Amino acid sequence: MNTPLHLPTELWLILPYIAFTSFVLGHIWRYRNDQFGWTTRSSQVYESRLLRLGSPLFHFGMVGVFGGHVLGVLIPESWTEAVGINEHTYHLIAVGAGSVAGLSVLAGVGILLYRRFTVTAVRKATTANDKLMYALLTAALVTGLMNTWGANLLFGTYNYRETVSPWFRSLFTLNPQPELMVDTPWPFQLHGLVVLTLVALWPYTRLVHMFSAPIGYLVRPYVVYRSKEVAAPDKRRYSRAWDSPVTPERWR
Numbered sequence: 001m002n003t004p005l006h007l008p009t010e011l012w013l014i015l016p017y018i019a020f021t022s023f024v025l026g027h028i029w030r031y032r033n034d035q036f037g038w039t040t041r042s043s044q045v046y047e048s049r050l051l052r053l054g055s056p057l058f059h060f061g062m063v064g065v066f067g068g069h070v071l072g073v074l075i076p077e078s079w080t081e082a083v084g085i086n087e088h089t090y091h092l093i094a095v096g097a098g099s100v101a102g103l104s105v106l107a108g109v110g111i112l113l114y115r116r117f118t119v120t121a122v123r124k125a126t127t128a129n130d131k132l133m134y135a136l137l138t139a140a141l142v143t144g145l146m147n148t149w150g151a152n153l154l155f156g157t158y159n160y161r162e163t164v165s166p167w168f169r170s171l172f173t174l175n176p177q178p179e180l181m182v183d184t185p186w187p188f189q190l191h192g193l194v195v196l197t198l199v200a201l202w203p204y205t206r207l208v209h210m211f212s213a214p215i216g217y218l219v220r221p222y223v224v225y226r227s228k229e230v231a232a233p234d235k236r237r238y239s240r241a242w243d244s245p246v247t248p249e250r251w252r
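Using full-length UniProt numbering, you'd call the opening residue of the sequence shown number 1 and step up by one each time.
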């Protein structure tokens, strides 16, 4: 379990920046050139029963997974210890909450995959891009749960906040430390490779809908509904197209 993959040190320096660059520029390109494709391509009209079950499990579970990664990867270990969360307590939280969130997402993906490949109409609407996205999502979830259970329950403990977390944060401070990942156990390395690949391909899949929000609804003009009015005292059978609408106030 603790054996590394013996990958080149440069890989942990070059691949993350390629993935981040693709993530940022890909979203800009997609927004400028494919706004009509910026959608989930919802298939609810084909089948809704399984979707109502699988979609909430996936999305609410992802909120928990994201929060767990923020706590474990982005927040330094010294910060959590400063507020009274020692290493043992952190691992209890990571195993408990991480298992619930991870299993929720995995169950959601399982239901959505079952629906996508057993409902004929949904299967016909599935593209090769979708299949690759689902494969990477499933691989990221499986390797993530492998780390949660394997590194904390089955094969002893491994404090990834001393290697993986500092490496990831160093990428954003522009002081990368790729050597921290060289001797990291292979499940963590595999999880990192899968996630970086998913990040690189993210803008070119339906996952772009994560950045969609109905902000325009807050500032758009009101839709005016007119009640049915009695006939205006106009003898013409048809009004001219350029005439202003006749309202009861103008009849007086």
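Hints in this document: simulated from the structure, not taken from any laboratory.
Note that the structure is a prediction, hence the values are computed from the model and not measured.
C-beta atoms are modelled at their ideal positions from N, C-alpha and C, and glycine is treated no differently.
One or more of the hints may lead you astray.
As the list claims (entries may be wrong) - Simulated restraints, written as ranges between beta carbons of each label pair:
1) 45 with 84: 15 to 23 Å
2) 135 with 66: 32 to 40 Å
3) 221 with 85: 43 to 51 Å
4) 209 with 20: 19 to 27 Å
5) 41 with 114: 12 to 20 Å
C-beta pair residue 45, residue 84: status relative to the range 15 to 23 Å that was hinted = violated, 51 Å
Mind checking the hinted window 32 to 40 Å against the Cβ distance between residue 135 and residue 66?
-> violated, 20 Å
Range agreement (Cβ of residue 85 with Cβ of residue 221, hint 43 to 51 Å) | holds, 49 Å
Honestly, do residue 209 and residue 20 meet the 19 to 27 Å range at C-beta?
-> At 20 Å between Cβs, range holds.
Consistency of beta-carbon spacing, residue 114 to residue 41, with hint 12 to 20 Å = holds, 18 Å
In this structure, the hints that do not hold are numbers 1, 2, in rising order.
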